[in-house]
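K.L.:
Okay, here's what each chain looks like letter by letter:
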Amino acid sequence: MNDELFSPTIRDQAPPGKRPWRPESIVYPAFFGGPFAAATLGVLNGRRLALPTPQLLAIAGAGVAGFGARLVAGAFVESDSGVRLSGTVSGILVWLVVLLLQRRAFRVAMLRGVEPASLIRPGLFAAIGCGLLEGALILGLVR
Amino acid sequence: MTSPSPVLHRAQALLATGRAEQALTELSTLPANEVTGSYAIQLRCAALSQLDRWADVGEAARAGLAANGPEPDLLLWLGRSEHEAGRDENAERALLDGLALAPNDVDLLCAYADLCAANGQLDKAGKLVDLAAARAPHAPVVYATRIQIAHARGDDREAQRISREFVGVHPENPVAHALLGGTSAARGHIDTAYEGFRQAAAARPTEQVFAESALELRVARHPLMLPLRPVLRFGALKTWLVAVGCILLLRAVGLPVLAGLLGFAWLAFCIYSWVVPPLVRRWVRRGWS
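Protein chains in written order, with UniProt numbering: chain F, 1 to 143; chain L, 1 to 289.
Since the hints were derived computationally from the structure, they do not count as laboratory data.
Just so you know, not all the hints are guaranteed correct.
Partial list, computed: chain F residues near chain L (C-beta under 7 Å) [unchecked claim]:
#	residue
1	LEU5
2	PHE6
3	ARG104
4	ARG112
Glycine included, C-beta positions come from ideal geometry on N, C-alpha and C.
Using the sequences and the accompanying hints, generate a full structural model.
P.N.:
Shown next, in the form of structure tokens:
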């Protein structure tokens, strides 16, 4: 068993590219922006953390599913605030997927001495841009 | 090896109290034929590493290996410095060469575990540190490595548990207190965390990291940060779920006004939690330095 432990398994990694954001912080744009904001930031951050492609696809898929749920809510719920709330809830759910897939990779990156990048500006852009996009799509498609 | 010279003794004592610069000065008084001795090189490497001069650590370790032939302790320093330089393949080679000579060396096992963890190989890292723990369950390096791996796994509870054990066994060790501080902060136990870093900084005032962390915790204990305690204590996840759950519940039972008020309060809280911490950090820092 020790022979296996004492055999080389490490390959030099590409020098770190862009610094990752804290996955925990994505909760803010997810809350204000909705599922697209959470998934966009999640996928971008996943690339920064060099996650395997299936995990990136899972995050993107969660975002699409979250928006689908919002569309359904938009079609059947009368009140506007209900539709807004559905954005918050589905955004948080997408963020949970992001957190589940990225927490470990983020902490390993911290072990490597990587400093997290600030999410304030990209977070604001994502929340506002994706929030408006979702609103327009819902208005155009089902309301 | 003959018994270490008084110079080496003094250098070692200086290192143990974190005075790396003075240790290096002491080592520079060694006669030329003793400078490349294995133990002198190891002390030099330890001093340089405390000063974060990792490129020099690598150079010193290579010089030592050239003079003394392959030795586990020098290979350990070479491995650490290569890891710091981001050349992990070389680091692994050096550590495995060392382990081939000394398969039970606790420091080598832990350094290799660290390297594997930093490359995301947490299972292998766990097995390596288990081997080290079987040899020396109470060695500080074993505790520290176990804590790092638990943290990387995302198991904050376990990381804090091991830190408590570490402090219990080595109450005089500043690293133990700092790790208890770090793992407590991760779980939102702000007061325990502050206490840990304060003790670490008091025991080793030259260590910048400890002072920085104590400062960061002073920020977290500021009165303006009190409203954020629930988020720190229970984690962002649980607090947010509870808040969203309450808003939904109020709507469901037919109290949309209350739900709206709570939603608005929550919005204000979010903005507060975004804006206030950097401001408090600035104020505290100004008063500190």
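K.L.:
Run every hint past the structure and note whether it holds.
P.N.:
Now the hints, each set against the structure:
no., hint, verdict
1, LEU5, "holds (6 Å)"
2, PHE6, "holds (6 Å)"
3, ARG104, "holds (6 Å)"
4, ARG112, "holds (5 Å)"
Hint compliance for this structure: every hint is met.
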